[in-house]
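Can you build the whole structure from these sequences, using the hints too?
Residues per chain are reported as follows:
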Amino acid sequence: MTQHDQDAPVPGRRSVLKALTLAPAAMAGASVGLFGSRDAETGRPVLARAMAQDGERIKMAFIQWMPHTVPNAWSQGIDEVLKTQAVIDYALLDGQGKVEVQVSLMDTLINDGTKVIFLQPIDSVALAPSIAKAKREGIAVITLNIDATEPHAAHVEMNHYYGAMEIARVMGEKMGGKGKVAILNAPPGITIRDQRTNGFVEGMAAHHPAIEIVADQVADWDRKKAQDVLNTILAANPDLGGVYGVNDSMALGAVDVAKEKGLLGQMVIFGNDGEKDALASIEAGELTGTQYTDVYQQGRFAASAATVLATGLVSADAFGQQGRLLMPYLIATKETVGQIQPNQRW
Amino acid sequence: MSNTSARLALPLFFLAVLTAFCLAAPNFASAGNFENLMAGFSFIGILAIGQSFPILLRGIDLSVGAILALVGMCIFDLSLMFAVPGWAVIPLALLVGALAGAVNGLLVTVLRLSPFIATLATLAAYRGLVYAISGRQLVPGLSTKPITDRWITGFETYFDLARMLGLKGVVKLPWVPLSFLILLATLAVFYLLLAHSRFGRDLYAIGGNPEAARLAGIPVTRRTVAAYAISGFCAGLAAILLVARLTTSTEALGEGIELTAIAAAVIGGFSLAGGTGQLIGPVIGTFLLGVVLIGLTQMGISQFVQQILTGVILLAAVGNDRWQTSRTERRRTAPALTGGAA
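Line by line, the protein sequences give chains A and B.
Following this note's numbering, the residues of the first sequence are numbered contiguously, the last one being 352.
Following this note's numbering, the residues of the second sequence are numbered contiguously, the last one being 322.
Source of the hints: derived by calculation from the structure; they are not laboratory data.
Every residue gets a Cβ at the ideal spot worked out from N, C-alpha and C, and that includes glycine.
All clues stand as given, with none of them false.
Computed footprint of chain A on chain B; a stretch qualifies when at least three of its residues, placed anywhere within it, have a C-beta under 8 Å from a C-beta of chain A:
hint, region
1, 3 to 13
2, 121 to 133
3, 231 to 243
4, 272 to 282
This is the structure:
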């Protein structure tokens, strides 16, 4: 994993937050720079006018894994940026959780003259031949969260590894630096799972060596499944002091169990992603914390890159190396959650 | 409707839909699009051919998606974990598929389970087995390693039809994927088997009336096991093509694909009541579904609407089948009825 090799500093909470709130403004500025020169007669942006005169509309599409809060928020962010460009047609397509469907959709989009494809690949390898095919046709592919083994235009992901490390640090502090922790994990075979698990385990070892990870079990990203799994873990470890769910749904499942068994307040529970329900749970004093990423913003970043690529200034194969953007994040706890504005909640 | 016109109804409907999309959907009538159609749906066509055999015997095979995943994972493990050469992997993969199908057949005949229950059980069991043997989980790091064995990836080859016909530069023809040629070969072999062999006649007889077939001395058990084995074999063949296309296999491969295969077979004229159907039907049925999906996607119509439309086409096909059956029955019983009533 490339993150191991790099030694990036973990930014302070305040600066992260500043980045989160300033980014839309910065981006607006950037887009003014790109499209800001206006025609004196019509007042329309010059670039948009040039393309409109050609009569060419630019097609872009996002192939999601399956309907879920995260891709839904990405799509909203993407749409927000693209619809202002006036010459871009954007469509959201559903991969139905099946690689073969995603591959077929890729083929269709390539044939349909799509300029940019946003892709949340179900599998890093299985979509690689499709990405290679898109590249041959000069189509820019931007992956979201899950990278592909075939290099492509850009990859925008939540900061899985460093975020999970930071979760381990804050979680250990909340536990007083000692005790037993369980991980409610995703099914194997997905890079996100490995990045988050490795980050958490290594973060715990680095910051709180006295804390023991006693269980690491699969709960299928699912709230209900997480309840069952945690009940089993608690039977074996009644003195469990903390739970880390690698997504918020599983962490909220752990909250359900803690409530039911009267363990709320005794158990430190962390999630990951930062969806609306998780933030509300933190404010209600139930969930201890989560790694919050502004997923709308992630979509906006991807769409901004796409716009630059598709306006013909840069071609997809002009990159010697794939662009990579790790999203800024915030470890949301009772103390910090209030900093996340209502319009940043997804 | 006469027998001939009933047989022509599906191809004509297919052509009508195809023409409609060529006119309505932008970029639909392009060489690239037909290439995509062939590359993306040939393996489903093979699954539908396999599915037709159990349906012909009044049965069903719900486990084809799971068999597809099982064979896919076997290819993955053999190739990446054990470095078995591709020329040895391919026959083994087909064998695994056929055996998994034969187990279905044995459950249906020896244990006398209803095909629906038997294959529902093996659907769960085979899928569980896929997770248990998954090399993606047993060996960390393997999930991001593509299969590069030429024998396997060679199945994802395209032939330049225009060049072969000496029409290069004259017309733009789609490149034909090898998977489509394999579909045609599979169709030819099983069509001959079904239409012109003792085995085929036996299957129609069993599907028409199992008890009568038994009394006529047809080895019903052996034939039934063979029919389910053919379904499994086709799932294995489809798995090879799909793995070649993806250069990997996943645990969830082919989830829910049995429904598409069954739909294609039924649309293709294989009545769930058994005993009727020609193998060309399921192949046309598959491409009909493919044309609808791709065409609607290109027209920007929501995928939920696409699923609804697929359901409507299936309902129409089943409704047509019921109508035809009841007409035939009425015609057959009509003289007796009028005689009795008078």
